[in-house]
Amino acid sequence: MTEAELLEQYEPVLRFAKSERFFPMAVDSYLERCALFPGGPLGVMESLAHLNEPLAERIGKLQSEQHYLRFVNKPLNDSDVWVWWGVLSGIGLAGGWFVADWPGAESVFVLSLMAALVIFMLASPIRLRSIPAALAALLFISLGVAPIWFFLRPSQYVSVEVEYLVLLPIYLIGLFYLSVRTMKLILDHVLPEGPGLIMDMLSQATEKIAREAFFQYAEILEKEPAPLYYGRVLNETDEKNNRWSILQYHFFYAFNDWRLAANGMNHHEGDWEMIAVYLRNELPYAVLFSQHGAGNIEKWDTVRKAVDRQGNATSHPVVYVALGSHANYSRPEVIRSPSMYKPGRLQRFLFRIDGLIHYLFLLVNPNQKARQIALKELQARGTNFLADDAFIYMRDETDHYVVSLPLEIASGDGFRVGLQGETLKEGVLKSSSFLKRIMSDRRTVRPAEKVWRRVVLNPEPDWVQYKGLWGVKSMLSDESGPPGPKWDRPGKNQIGVRERKRWGRPLEWLAELEELKH
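Each residue of the sequence shown is one higher than the one before, counting from 97 in this note's numbering.
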């Protein structure tokens, strides 16, 4: 049996969440839209040495890891818009002055500033979903505070008795109501955006970049209708003379938009994931799943397999791909916890602040029912509210989560790629039960075909040897593009990069995951 036939026999079925925007694609299509940049002095020297060569040829000749790719290269702030804004504002100011003197010019000036704010909100590369809510909160505050002058100066139209015994109580009640509503608006829609806003300000893969990456990927799908995996077969013998065949299925995604898709912990251009099927003495033994730079193992007997149209179980494992992050799971799962993997300190701090904000708001929540349900559930579990996972179970009366912790949604209720058969027997979750409607109903574009296109990495293409990043380099390591399937991220005080254990020493990776499992 050839390598291609062996890979096809066990190739996985991937099930994605409903609102997933990125699917396994060809590396060549990604590289066609990328620009390569040096990330250090060695990178600069190598870039100059191969300056006039096409990227597809150049990338395999680079020896150092001091390079990174940038997928989104379009300018996000269109200068023509600002030019037109300036011209129209000037004409408007002149016209306002001519028609109504200073009042007319001042009115046009205010309208011009409002137009500039709208343009900035649309063009800004950072998260600004909180701005409309902040403006609404400002309006509420203005409506609540503005009438104060009425009670600080005598009125010739209203008697003192009516003013202070009738109008003042009505005003105070209205002011209290507006204050509570304003606080709720701020805590519900402004402050929860704070962690993501800070991450976007530090990141090179902001929400604006994520959306632009989606548009570029949608254009690629028009020419590349079939999802693709890169297959690889390794044959090894262990100390007990067991013969192993390791079938690796590498998936490349143009973007990881976990934060935008499910309030996750990171964004980055490029994303490499994999599934490995281990055969021992020609019999399937286990399936290994990549998850956030690490992995998990499932013995073959307990792995879910696709069922053909005749109702028979096949040799194709069913894999549930998490929304945005593309981590792989053997079951449909939804995980709500910052401890699902080890994020950076800044990320953990921001999400803990997010939880504390919501916890404090529960104490003064105008919705009595929501407050009681959430606090009773928190009390029943005996959770320390300072712990990382203190708020992951808190829900309101509509069964929605109170705290916007990151969600790992491997629901499988969206696009499905692989062997087509009795799909209803595989099991799914409803991702819309865990997401806001704006997230679960967001626009997506899916591949036109539902069967795999496969490429065997034998011989290896030049891009496998590329040691740099497959996305933009960021101040935060989790926001930087990943290294390729063969190479690992450089550690602290480490010179150069090392080969991934799962690439060059797959039996060692299997042993490690088996030890963690037990």
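Derived from the structure by calculation, the hints contain no laboratory data. Since the structure is predicted, the reported quantities are computational estimates derived from the model, not experimental observations. Incorrect hints may appear among the rest.
List time: in silico DSS-like cross-link candidates among lysine-lysine, alpha-carbon distance up to 25 Å [unchecked claim]:
| # | residue 1 | residue 2 |
| --- | --- | --- |
| 1 | Lys521 | Lys319 |
| 2 | Lys280 | Lys546 |
| 3 | Lys597 | Lys395 |
| 4 | Lys157 | Lys336 |
| 5 | Lys304 | Lys336 |
| 6 | Lys597 | Lys336 |
| 7 | Lys597 | Lys157 |
| 8 | Lys597 | Lys613 |
| 9 | Lys546 | Lys526 |
| 10 | Lys280 | Lys395 |
| 11 | Lys336 | Lys280 |
| 12 | Lys304 | Lys546 |
| 13 | Lys395 | Lys613 |
Here is how each hint holds up against the structure:
no., hint, result
1, Lys521 with Lys319, "33 Å, violated"
2, Lys280 with Lys546, "45 Å, violated"
3, Lys597 with Lys395, "20 Å, holds"
4, Lys157 with Lys336, "39 Å, violated"
5, Lys304 with Lys336, "54 Å, violated"
6, Lys597 with Lys336, "21 Å, holds"
7, Lys597 with Lys157, "23 Å, holds"
8, Lys597 with Lys613, "18 Å, holds"
9, Lys546 with Lys526, "21 Å, holds"
10, Lys280 with Lys395, "48 Å, violated"
11, Lys336 with Lys280, "65 Å, violated"
12, Lys304 with Lys546, "29 Å, violated"
13, Lys395 with Lys613, "11 Å, holds"
Comparing the model with each numbered hint stated earlier shows that hints 1, 2, 4, 5, 10, 11, 12 do not hold.
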